[in-house]
Amino acid sequence: MRLFLPLLRRRFIGEESVAAGEGSTLTNNPTWIIDPIDGTTNFVHRFPFVAVSIGFSVNKKMEFGIVYSCVEDKMYTGRKGKGAFCNGQKLQVSGQEDITKSLLVTELGSNRDPEVLKIVLSNMEKLLSIPIHGIRAVGTAAVNMCLVATGGADAYYEMGIHCWDMAGAGIIITEAGGVLLDVSGGPFDLMSRRIIAASSQTLGARLAKELQIIPLKRDDATN
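Note that full-length UniProt numbering gives residue 97 to position 97 of the sequence shown, counting from 1, and the numbers run on in steps of one.
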């Protein structure tokens with residue numbers, strides 16, 4: 001316990017701390033990035049996909065991540081250089097490169113601005129028209145991302161989520177052999193509020209070419 005206590009005294013970033021007025025700037029200091037209830041709307045409606053997401057960052061790089069899918073009783077873990085697991089079973093992404101053979105996961109999001117909705121629905125229409133195999137959504141970013149890590153889905157994309165939605169699952173995907181990209185196709189930025197998580201670089205880059213980007217305020221924006 002004495003060895004563990006110093007870890008608990010590190011900096012925290014989460015939805016609750018930001019709501020309380022604390023900043024969400026990611027520094028080089030060891031930092032916990034936590035979402036205690038990922039899938040709040042699911043929780044309210046008793047829709048059975050709710051997760052706890054925990055990520056730990058040092059020097060702005062994720063060291064490990066944990067996602068617990070509560071109703072399913074599935075514990076996903078990933079540690080840098082040590083692999084990714086679900087309830088002790090090693091995870092491996094599908095490795096799919098062909099977008100026409102891909103099952104994607106995403107969300108409609110919570111923003112009901114008509115212009116934003118137009119982009120969200122237009123992106124889905126473009127992807128379905130390629131055509132891809134299909135699109136699924138379970139209502140929690142962390143579980144959606146873990147589905148990519150298991151190989152059950154081939155890629156996930158979303159715009160409008162927050163760093164605490166992605167931090168825990170991101171390293172689980174990369175340790176399972178997947179990749180993280182920005183929706184522009186560039187390097188992934190945890191504070192950008194947008195992500196592509198794919199089973200291969202080829203698939204991620206192809207997906208990025210189809211997406212219209214939604215303008216967003218960054219998590220680390222000062223005002």
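If you're looking for bench data, these hints aren't it; they were derived computationally from the structure. Even glycine gets a Cβ: it sits at the ideal position worked out from N, Cα and C. Don't take each hint at face value.
What the hints assert, rightly or not - Pairs of lysine to aspartate or glutamate, DMTMM-like flavour, derived with a Cα cap of 20 Å: (1) K82 to D98; (2) K126 to E107; (3) K209 to E125; (4) K126 to D98; (5) K74 to D98.
Unchecked claim - Here are the in silico distance ranges between beta carbons for each label pair: (6) S122 to T100: 17 to 23 Å; (7) R112 to V71: 25 to 31 Å; (8) G134 to V58: 24 to 30 Å.
Checked hints:
no. : hint                     : verdict
1   : K82 to D98               : 28 Å, violated
2   : K126 to E107             : 15 Å, holds
3   : K209 to E125             : 14 Å, holds
4   : K126 to D98              : 16 Å, holds
5   : K74 to D98               : 29 Å, violated
6   : S122 to T100: 17 to 23 Å : 19 Å, holds
7   : R112 to V71: 25 to 31 Å  : 27 Å, holds
8   : G134 to V58: 24 to 30 Å  : 38 Å, violated
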